[in-house]
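Q: Based on the provided sequences and hints, a complete structural model is requested.
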Amino acid sequence: MDFSAYLSARNTVQFLGEPLFTTVFLLALISCVLSVLYLYKKEERYEKMSFLISLACVFLLTIGFILLIYFHIKIHQTIDLQDPFSNEIVGKYWIPLWINEEKLYFWMFCFAIIMILIWKSKREMREFNVSLNLIFGVYVFVCFFFSNPFKSPLSQFHEEISLWNSALAALKTGQLAHWYVLAQLFESMYGRMVYYYNTSYMWIHPPLLFFSYAAFTVTFLACIFMLLKKDDTYENLAYSITKIGYLPLTFGILIGYPWAVVAWQNEPWWWAPKINASILMWILYTSFLHLRIYVREKKIWNLTAYLGIICFITLIFTYLVTYLGVGAHAYR
Amino acid sequence: MRNYDFIIVIGTVIVLAILGFACLFGIIYAYESAKNIPNWEYSKEYSNYVSTMNKIATPIVVALLILLSLCIPKRVFPRNILNITALVLIGIFGIISILFTYVEGLLVLLVIMLPIQTAVLILTLLKFELKYEKRGYLTQIGSSMIHLGIIVFILNFVALRTATIHLMVFYISMVLICVGSAFTFYTQEIYEQIKKFREI
Chain A
356 MDFSAYLSAR NTVQFLGEPL FTTVFLLALI SCVLSVLYLY KKEERYEKMS FLISLACVFL
416 LTIGFILLIY FHIKIHQTID LQDPFSNEIV GKYWIPLWIN EEKLYFWMFC FAIIMILIWK
476 SKREMREFNV SLNLIFGVYV FVCFFFSNPF KSPLSQFHEE ISLWNSALAA LKTGQLAHWY
536 VLAQLFESMY GRMVYYYNTS YMWIHPPLLF FSYAAFTVTF LACIFMLLKK DDTYENLAYS
596 ITKIGYLPLT FGILIGYPWA VVAWQNEPWW WAPKINASIL MWILYTSFLH LRIYVREKKI
656 WNLTAYLGII CFITLIFTYL VTYLGVGAHA YR
Chain B
15 MRNYDFIIVI GTVIVLAILG FACLFGIIYA YESAKNIPNW EYSKEYSNYV STMNKIATPI
75 VVALLILLSL CIPKRVFPRN ILNITALVLI GIFGIISILF TYVEGLLVLL VIMLPIQTAV
135 LILTLLKFEL KYEKRGYLTQ IGSSMIHLGI IVFILNFVAL RTATIHLMVF YISMVLICVG
195 SAFTFYTQEI YEQIKKFREI
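Top to bottom, those sequences are chains A and B.
Take 356 as the starting number for the first sequence in our numbering and just add one per residue.
Take 15 as the starting number for the second sequence in our numbering and just add one per residue.
There are no misleading hints in this set.
Cβ-Cβ distance ranges computed for the label pairs, FRET-style:
(1) Tyr43/B with Gly546/A: 23 to 33 Å
(2) Asp435/A with Ile42/B: 36 to 46 Å
(3) Ala177/B with Gly546/A: 26 to 36 Å
(4) Tyr185/B with Val413/A: 30 to 40 Å
(5) Phe500/A with Phe142/B: 52 to 62 Å
(6) Tyr395/A with Ile24/B: 34 to 44 Å
(7) Glu59/B with Ser595/A: 40 to 50 Å
(8) Val413/A with Phe114/B: 55 to 65 Å
(9) Tyr151/B with Asp435/A: 46 to 56 Å
(10) Asn53/B with Arg547/A: 20 to 30 Å
(11) Leu38/B with Tyr395/A: 35 to 45 Å
(12) Tyr43/B with Leu582/A: 26 to 36 Å
Treat the hints as calculated values from the structure; they're not laboratory data.
Just so you know, even glycine gets a beta-carbon here, dropped at the ideal spot from N, CA and C.
A: As structure tokens, this is what we get:
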């Protein structure tokens, strides 16, 4: 294990990433102001400028994402887990790009790409596009202040690996009083590596869900516009984008089950709040897709739109449930 | 038939909403319990909670299956036969639940529906003229696959929870549901890809 090389890579990511993300934050802020100006004054130039600035944001976010990929590759190259008793290397880390603080960044990144694609393909929907941009601003704000992946890159992993490194150093200098402390720590590190960091499931389950969350954000706004404008364009958009998000959501939720059966054998996860919330969210989106078949019927238009909004509130709730601390999914 | 389909769709939405409320109840109950009972997740109360949630979910799943049972044979039978089918299924579930347990009742329903839905899928694949709400070969196959997938999925949890083939059956149901959804939702895109492939 080359801990100093790992630290150096982490510092590089921090050094380059922080100003990069600050720039994105400032640009998103300007873009949001321009969007509000467009909504207020309806002058096309504001919308155009807003689009260009958002495009620049997506470009910078892509660089940020590449920086994170670099960091993860560096972790793989520099950090391995060695059994302190047999000296055998039990594995190297292959950490997915959507854990710890990176989750929200990935979700925001997916949303930003979807937003730009919609903006480019549906230029005539100016009000809708600038409103999408305002939501993008909210994403950037939340991610920048509450889940910034460059402020302390992979903070939880860093804490774990630093502790392990200190334990190994203490072992070498003879300061470690009890071997069983090291054995326990190794067992915990190995468990985290096999069932969390390196599991193939982590490469499939979270990104599919975050992608669908990003798509459903557009559904949410389209449903608000359905209520405000009563225009078929928004209903069609809500349906097409929900279709895009629904399949990854279904597959993403289902693929979690076989993993949970193996990894959480003795953990309390049946009917845990996160599971309940996920089922609730899936049920609501399924109902949304069922209901919209009859969107032309009396009162169904509004009902569908309200349901789409409730779906998104449930989505946010499902995401936050993880942080409330009950069940195997929870962060404690 | 259109009105009939509308009622089934609204019925499905209502049943899903009830299941949603059950989940919401579960969330609130879990938080309250975790707050008031130390180490609740590893206590006997947690097992009681899981079994209560299973009991709450069962009649809702049965209602969903009844709706599905109206949905599935509608491809083959006229409406009056469908109503009789639904009543018969509810009756069978009720009698078996009284005589044995609700789990056995649910199991019998599933065992009846599995061959019917498999037959519907095969007939659809063989291009038999069945009654579908949506047009298009791929969409119809997709719809049949989703229905069959849901039946296999529930059957797997009711009857095969501890069996060695549990995960394998789970994957089969997952493939049926996901591929079915892809066929239903992205029909146009899949057709375009097939067309492009044929041109090559």
